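> So you can see what is in the structure, the chains are spelled out below.
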Amino acid sequence: MSFSLVALQLINGVEYGLLLFLVASGLTLVFGVLGVLNFAHGSFYMLGAYLAWWLSERTGNLLLAILVGLPAMALIGLLVERLAIARLYLRDHLAQVLLTYGLVLLFNELQRALWGNDVHGVATPRSLSFTIPLGEAQTWPAWRAFTALCCIAVAIAMRQVILKTRFGMRVRAGASNAEMVEALGIDVRRVFSVVFSAGTALAGLAGMLAAPLTTVYPGMGESVLILSFVVVVIGGIGSIKGAFLGAMLVGIADTFGKVLLPGFASAIVYAVMAAVLLWRPRGLLGPAFEGR
Amino acid sequence: MRRRILLLAGALALGAVAFSGDRFWLQFLGKAMIGCILAMSLDLLVGFTGLVSLAHSAFFGLAAYALAGVTNRLGLVNPLLTFPVCLLAAAAAALIIGWLSLRATGVYFIMVTLAFTQMLFYLFNDSPALGGSDGLYVAERPVDSRAAAYVAIWAALVLAYLLLARILRAPYGRVLEGIRGNEQRMRSLGYPTRRYKLVAFVIAGALAGVAGYLDATLYGFVNPAQLGWRQSGLILVTVLLGGKGTLYGPALGALLLAFIEHYGERVTEHWNALIAALIIAVVLFLPRGLAGLVEGGRRA
Amino acid sequence: MPEPLLLTEALTRRFGALAAVDGVSLAFEEGRVHAVIGPNGAGKSTFLNLLSGELRATQGRVRFRGLDVTRATPDELSRLGIGRSYQTANLFPGLSCADCAWLAAQSRLPSSMRFLRPAKGYTEVGDRAARALQICGLSGRRRALAGQLSYGEQRQLEIAMMLATEPTLLLLDEPLAGLGHDEALRVVALLTEVARGRTVILVEHDMDAVFSISDTVTVLVDGRVLEKGSPGQVRSSAAVREAYLGDEIA
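Residue numbers (the numbering used here), protein chains in the order written: chain A, 3 to 294; chain B, 1433 to 1732; chain C, 450 to 699.
In case anyone wonders, no lab produced these hints; they're calculated from the structure.
Worth double-checking, as some hints may not be accurate.
Chain B regions said to be covered by chain A (calculated; three or more residues, Cβ under 8 Å) [stated by the list, open to error]:
(1) 1524-1538
(2) 1550-1561
(3) 1592-1598
(4) 1663-1669
From the structure, some residues in chain B lie toward chain C, with a derived Cβ separation under 8 Å [unchecked claim]:
(5) R1435
(6) A1602
(7) G1613
(8) R1617
(9) G1622
Quick caveat, the model's predicted, so the values are computed rather than measured.
Cβ atoms here follow ideal geometry from the backbone N, Cα and C, with glycine treated the same way.
One chain only, chain A, in its complex shape:
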């Protein structure tokens, strides 16, 4: 494999990892702060993609669609949290797995009823439809670069919010001890709602950014969901840094795997996960104590 080919795959891997990070960060936040395992997270990715397609068809501009779609996703997240997720806070893992599993089935049916079984392509906006040359032979599509930049921007923004704002402090406090936080008079429910809708929006954004790259099709949330679970396991539940690390690892491993060993690409990622678990049963940066 030539150097520029390796470089390209590396870039692809990092970019894929960044998208995975977007999805996984939402998942790990929801789990770390709310203590809820959310299988429907992949459905939000799918909904985001479908929204992006549907809105861009109506408005003719994908960027506009994303701008409108994001608050819509946050609102959807808020509704889901208030109506369904909130009832899981005191329940056990089985209840969480099954309720969110039911939500997945529901969202799938919803998607099918609204938009049918077809696969849809999404056009990148004209302003971002060029390519960036890399070396002599390779080029990088501008939309991919844009996606990567968005993910990085979100990552930085998340870090700032969580580390530097008062709300972020409440999030971190809620993550370690929700009861205590409530006893201090801080409305934990509000924190939970915001975190959940933020997580939903993150997954939705990833779907919207990915829509032109992967096309929009039923069940597209599934593989992303499983991979983001792998990322969260590798990185450690509740750790955004871990999600970033894990996403990079998985993104690069998967991309190189698909190129080098096409038949076993999926298996490679799981092998990496198994290896990490053997070494660190709580993930690379997971909680030190026996938590949830």
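Model the placement of chains B and C on the given structure of chain A, informed by the hints.
Coordinates of chains B and C only, in the frame set by chain A:
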């Protein structure tokens, strides 16, 4: 006592169907009973040990594929040969996956079992040599007649129930109960809990393998959809629906789900939404499942 | 002098920069009741957790009957004969007292990987469990669910479960915490009886109890040993009094 009579009556009724010769019922109830075996074996993990595993369908599918493999490639048909091989395959897989997964606890464990089941799904789905997404036909089934397959399934169900009930009454079963209640305390009482969990995982996986073998026998066909997390999720649904930790409850849940799936398909195109609504309703409003209704307020 | 039953050598446990237990070297003789006291945050519970295997030491060693058990897991230590009771009730809330005691007693079978014979058939386990409940005065509450017991009764069950594992060394973590006067007296009487013929390491705040039943008292302050001696010695020590400034030492 009343429960025992009801179970006995149910078992006899199911057994009597074998003589009916009715093609539809043999197939339908045969499939339903396979679901019962899956549900009860998963209950061992979920209801009695407190382990929510999403890998259960993996062992079901592996044994089914193993049958297709030894029959198609090695020409083995005799159930006396094929059954032990497939059972061993499922048990061995459960040992490996269990050992790796149990290094994780709590939610990590659930996620790891999910990842493993998906890995196996993709392995079978993406390999043309293993049948790909279309699946494989079993060249020659271990048992010819549908009635004979039915009887085998019925016998397996009864034996599985008796075996699990026995295990749960024994000292081993007490340990599982303790682990479910307070694993950390069990460790400080001197129990190496991971070992016990692994054994439960292997027993459950082996029984899932039995179900898979029987499924491949009944239909003569195996496909990757049997292996994925959706299938595992459905088995979990039957456990919750029937009432986890009761053993017979999940079997009831499996029967009920089989009926709902079958008739739901006829009623509406969006029957998946129906199942989804059912699942959500059960989680929110009937957490103890059917068994909870049957037992009334007796269970603490 | 006979070799101590339990020995710690420069035992240390750090949490980040903080050393909760800092270079503690202690010897605990067999057959005696050893109390470990100290002001809040002295590291007493951490020390006990290190001994019971629930926390791993950052540095140092623990020896039980000469055997290095520093890296031993809680279940290994239990099988060696080290029993532990907890400060907050650590029971099986959904099980009856009898079943809780049963599980504790069953742990002494060579192996619980028994699948065929019903558990009830193992009468020696039942006897052991019943005896433990009886010693702790819970025979009348056999069928009551552990989660529904009164606070004091839960303490008794804690001790019963520990006894049913037939330990030679008992690690007791504030067994009197939160108990009313009468209940505390009852538990102290129970502990006195239980301590007979066994070795006890007792972490407690209740000074009356400590001085009435202990043979030796060790004072921990900021993770280090300040003083160790007989109850009388410790009571009259100026250094100890100073460390407890503001805390009642009776």
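> Flag every earlier hint the structure violates by its number, smallest first.
Hints 3 and 5 not satisfied by this model.
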